[in-house]
Structures are given as C-alpha cells and as structure tokens.
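Novice: Generate the whole structure from the sequences, applying the supplied hints.
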Amino acid sequence: MRNLKKILFELIMICLAIVWFLPVYYLAVTTLKTQQDATLHPLALPSHWEFGNYINAWVKMEFPRALFNTFIITVSSVCILIFIGAFAGYALARAKNKTASFIFMLFLAGLIVPFHMNIISLYKIVKNMGLMNKLLGVILVDVAINMPQTIFLFKEFIENSVPWELEEAAIVDGCDVTRRVLLIVVPLLKPVVSTTVIIVTLNVWNEFMTPLLFLQSRAKGVILQEVSRNIGQFSTDWATMFPMLMLGVLPLIIFYIFMQKYIIAGVAAGGVKG
Amino acid sequence: MNKVNKNRIGIYFWIFIAPAIVIYFTFSILPFLYTFFYSFTDYTDMNPVNLSWVGLENYVTVMKNSLMRVGIQNSLIYAILLTGFQVILGLPLAVLLDQKLKTQNLLRAIFFFPAVFSSLIIGYLWKYILSSAESGLINSLIVSMGFSTVNFFSSKFALYSIIFTQIWQWTGWAMVIFLANLQSVPLELMEAAQLDGAGSIKRFFSITLPLMCPSVKIVVVTGLIGGMKVFDAIYSMTGGGPGNATQTVMTIMMDKGISDGFYSVGAAFGVCFFVVVLILSAVVNKLMSKWSEAIG
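As given, the protein sequences belong to chains Z and Y, one line each in that order. Using the working numbering, the letters of the first sequence map in sequence onto residues 2 to 275. Using the working numbering, the letters of the second sequence map in sequence onto residues 505 to 800.
Read the hints as simulated data drawn from the structure, not as lab findings. In this text, all values refer to a predicted model and were calculated from it rather than measured experimentally. Using N, Cα and C, we set each Cβ at its ideal position, and we do this for glycine too. It cannot be assumed that every hint is accurate.
[Said to hold, decoys possible] Below 30 Å or equal to it, Euclidean Cα-Cα: the simulated DSSO-like pairs (lysine-lysine) are:
#1 Lys510/Y x Lys99/Z
#2 Lys99/Z x Lys790/Y
#3 Lys99/Z x Lys721/Y
#4 Lys191/Z x Lys510/Y
#5 Lys7/Z x Lys706/Y
#6 Lys790/Y x Lys97/Z
#7 Lys262/Z x Lys604/Y
#8 Lys97/Z x Lys510/Y
#9 Lys721/Y x Lys97/Z
#10 Lys604/Y x Lys7/Z
#11 Lys6/Z x Lys604/Y
#12 Lys760/Y x Lys125/Z
#13 Lys191/Z x Lys721/Y
[Claimed, not checked] To be clear about the criterion: a stretch of chain Z counts as covered by chain Y if any three or more of its residues have a C-beta under 8 Å from a C-beta of chain Y, and this derived list gives those stretches:
#14 204-212
#15 215-221
Specialist: So this is what it looks like as structure tokens:
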C-alpha cells in the first residue's frame with residue numbers, strides 16, 4: 002500500500018514535469034516542421050523531418066560570428082572575474098581592519114544597487130573611453146556587474162574553508178604572500194571557482210542589455226541581438242523563426258546537459274541572481 | 505574563534521585588491537555618482553557639453569510624467585507577483601522533490617531547465633505560444649474546444665501574461681535554492697514529529713517552514729530587486745505595449761533616457777528607481793527579521 006502510494010506520487014510528479022516541459026518540446030518539434038504542418042498539428046511529431054529550416058536560420062543570423070562574439074565575451078568575463086575574485090577575495094578575507102570592511106561594504110552594496118539605474122552615465126563613460134562598439138567594453142561592464150557577487154563568494158569561501166593555520170605553517174618555512182596564494186590557497190579554491198564559472202557564464206551569456214547598449218555594429222553583435230534583429234523581420238515566418246530561437250539556446254542546452262549536476266549545485270551555492 | 509583586528513598581509517592587500525577596485529570604480533561607482541550629478545543638470549543629446557545646474561527641475565518632470573509613474577507601478581506589480589508565486593509554487597515543489605524518488609534528479613533538472621535560458625528567448629517563444637492568431641498554441645487549443653480566441657496581450661492582460669511566463673521560467677530557480685536549504689532540516693526532528701502523529705502538512709508548517717527562513721529571504725530579496733529591473737521579457741513580448749500598458753522602469757529608461765536623448769531626466773528617473781529599490785529592500789528586511797523573531 003505504501004509502495005503503491007509512492008509510485009502514484011511519482012507518476013503525478015512525472016506528469017507535472019511533462020506539462021512543465023511542453024513549451025520546450027513545442028519549440029524543438031516546431032523547428033523541424035513546415036509552417037503548414039506546425040499550424041495544423043502543433044504538438045504532433047513532424048510528418049516529415051525538415052532540417053532545411055536550420056540552414057536558413059543559421060545563414061540569416063550569421064550564427065558562427067554571433068556565437069564567436071558571445072563566446073569571447075563570456076570566456077573573457079569569466080576568466081577576469083575568477084582572477085579578480087581570487088585575489089580580492091583573499092585580500093578581504095585576510096585583512097581584518099576598518100579599510101577592508103569598508104571596501105567589502107562597497108562591493109556588497111553592488112548586490113542591491115541595480116546597475117540599470119546608471120545606464121545613461123555608463124553609456125557616456127564607455128563612449129569617452131573609446132570602448133564603444135568593442136567587445137572589451139561589454140566585457141569590462143559585465144565584469145563590473147558580476148563583481149560584487151564573485152567577490153562575496155570568494156571572500157566567504159576563503160574565510161570559512163581556507164584556514165589561516167595552513168599559511169602560518171608556510172610562513173615559518175619562509176614562504177611569501179604570493180607563493181602562499183599560488184601554492185596553498187588557489188588549489189583549495191576549486192568549489193568556489195566552479196560555482197563562479199557557472200553563475201557568471203549563465204549571467205553573461207544571457208546578458209542582453211549591455212550588448213544592446215554598447216555593440217551597435219552587426220559585426221560585433223551577440224547571439225541575442227541576432228535573434229531579436231531577425232525576429233522583427235521574420236515574425237510571420239515560423240519556419241525560420243523557431244530554428245533561430247533554438248539556435249539561440251542550443252549552446253546553453255549543450256552546456257546544461259553536460260554540466261547539469263554542477264549547474265544546479267552552483268546556482269544553489271551562489272544563491273544570488275543577477 | 506579569535507577575531508584578529510589587523511591586516512595579515514600588509515601592502516599585498518592593496519596589490520591584490522587593486523584590479524577589482526579599478527574596474528569596479530570605473531564601471532560601477534563612477535556611473536553611480538554621475539547619475540546623481542546629471543540628474544541636477546540640463547544634459548541632453550542636444551546639449552552635451554555646457555551643462556548648467558537646474559536644481560530639482562528634472563525630478564519635477566519625472567513626478568509629473570504619468571508614463572514614468574506607470575513604469576514604476578508596473579515594475580512593482582511585476583516584481584511582487586513574480587516573487588510571490590516563486591515562493592508559493594517553488595516551496596511545495598522543493599518539498600515534493602526532496603522525497604526519495606527514482607526520477608528525482610531528472611525531475612529537478614526539468615523544472616530548473618527554463619531558468620538556464622535568456623528571458624529574451626523565452627519571451628519570444630511564449631509570444632508565439634500565446635499568440636492571438638488561431639495558430640497560436642494555446643489559442644488553437646481553445647478554438648478546438650469550441651471557444652473563441654483570447655487576446656493574451658491586450659492592454660488588460662498583457663502584463664499578467666508576461667508575469668505568467670516568467671513564473672514558468674523562474675520557479676525552478678527558486679526550487680533549487682529551497683532544495684539546498686531543505687538539506688539542513690534535521691531528519692530526526694521530522695521523524696520525532698511523525699511519531700507524535702503530526703501529518704505531513706502540519707510538519708511542513710511547524711518544522712520545515714520556519715527553518716526555510718534563510719532561503720525564502722534570498723528568493724524574496726533577489727526576486728524583488730531582479731523583478732524591478734525587468735527588461736528582456738517585456739522587450740521580447742510586448743515592447744511596452746499595447747499603448748503603454750506594459751511599460752516598465754527599464755523600457756522607459758531605454759526609450760526616453762537613451763534613444764530620445766533626455767539624459768538628465770533619465771538620470772533623475774534612475775535616481776527615483778534607486779530610491780524605490782532601497783525602500784523595497786528595507787521593507788523586506790524589516791518583514792523578514794520580524795519573521796525570524798517570531799519563530800526564533
């Protein structure tokens with residue numbers, strides 16, 4: 002009886018999950034249909050599989066270039082943030098004085114103050130620095146946006162999980178700060194690095210507003226800009242539209258399928274949404 | 505724990521923290537200060553150089569502007585409803601998926617799945633699903649059941665349709681945060697309560713819920729602040745329309761502040777936005793600490 006109840010409960014949850022998943026299924030299945038087929042039988046499997054839609058979408062959104070730009074922006078932001086987070090987090094965890102807590106407070110304030118309120122002055126600063134329409138401009142702004150959370154995660158982790166006693170032993174052996182960080186602290190940072198990589202990758206890959214503001218030329222555009230540019234043009238042409246949406250999310254679907262366990266753990270550990 | 509009130513790494517503190525401070529100052533603190541400065545000047549795209557002080561004029565413009573009031577109001581409705589549903593739906597979902605099931609990991613992965621993607625693309629997808637044409641997925645179902653089509657993006661429904669899609673997208677995110685918190689609920693406590701004859705609903709309210717305070721706080725605070733900033737979902741589904749029915753703080757800031765070149769008014773609007781977010785965080789903090797005290 003208890004077992005039966007459990008199986009029934011699991012079945013109900015599976016049904017709920019199927020309903021939850023339907024929009025994604027609908028997206029995937031529509032990409033492989035002709036427009037007529039999609040309108041007449043929206044949820045059925047394609048009557049004949051139509052892969053040509055993808056080629057069309059791939060060409061129209063200049064997918065390889067957009068993917069390349071998105072990739073460069075994301076990887077650079079992640080690398081810079083890990084480097085900055087490790088060193089600044091270490092400094093803030095090891096220096097216990099008024100200056101350090103004031104600086105930490107400044108970073109924490111960034112978790113509450115939305116950068117969105119400053120887009121006008123940010124626009125002007127990026128322009129004056131000659132960073133307009135350059136990937137570097139978006140990278141630096143994205144780094145600044147994600148910095149409070151990154152520094153918070155690193156500082157807390159080092160304070161709680163990298164004991165000072167380990168370093169004290171090294172000091173006795175005559176190890177200076179730089180060598181201690183590189184040889185003792187950095188190897189212990191794996192969990193917080195993986196959390197940061199996952200959270201920052203999702204944030205930066207999905208960031209639409211900073212590219213929209215700072216990358217005007219099509220040659221510099223990211224995937225999301227290509228999707229929104231083309232959707233206006235082909236809004237009635239489903240057969241091209243849906244593969245574009247699919248191509249827009251495909252890199253992250255692959256990332257999710259392979260990293261699923263780590264992503265869910267990373268989001269849970271990160272605990273703050275951008 | 506002995507708290508040492510000193511700097512253990514001397515000058516290296518400044519060397520290590522310098523890169524972070526340089527970038528954060530240039531692209532976060534400086535823009536913040538400039539926003540306040542511009543909000544008291546006559547800075548526009550027509551007058552970009554010789555700025556003069558205009559006092560509170562821009563703030564008066566913002567207060568008098570009904571569109572900007574609508575924007576703040578819509579952002580508030582969006583943030584509060586989205587956050588509320590994330591908690592109301594995400595908590596029970598987390599408790600259910602905390603049970604030992606064969607498909608536990610797969611089910612969690614499916615509910616979390618939409619949160620991985622950009623709200624922009626999720627928005628475009630739902631725009632088609634909710635399309636008022638008979639070919640729209642939901643409307644084709646409604647028509648096949650013999651009813652007439654519903655316009656989900658009419659000025660009356662549009663904001664709520666958008667909120668609905670975002671609840672679908674972000675409930676799984678809240679669930680993951682709650683699930684992490686549930687691991688800290690001691691099993692012995694649950695078993696003891698079960699022996700005392702407490703039903704599962706009673707156990708949820710008297711044991712689980714009070715212990716979930718930390719994660720509820722995370723979801724509520726980030727949900728509200730994130731919700732106030734909503735842009736991508738609106739941009740993709742309605743662009744602020746029909747009329748101005750779904751204009752939010754950020755759609756107005758992009759239109760009026762950046763595209764139309766009313767920089768100083770945009771900056772004043774940004775400051776007002778900041779004040780609203782501050783008040784909202786203060787209220788939430790107050791309520792949350794009341795809750796902690798009540799169960800403490």
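Novice: What are the numbers of the hints the structure violates, in ascending order?
Specialist: 15
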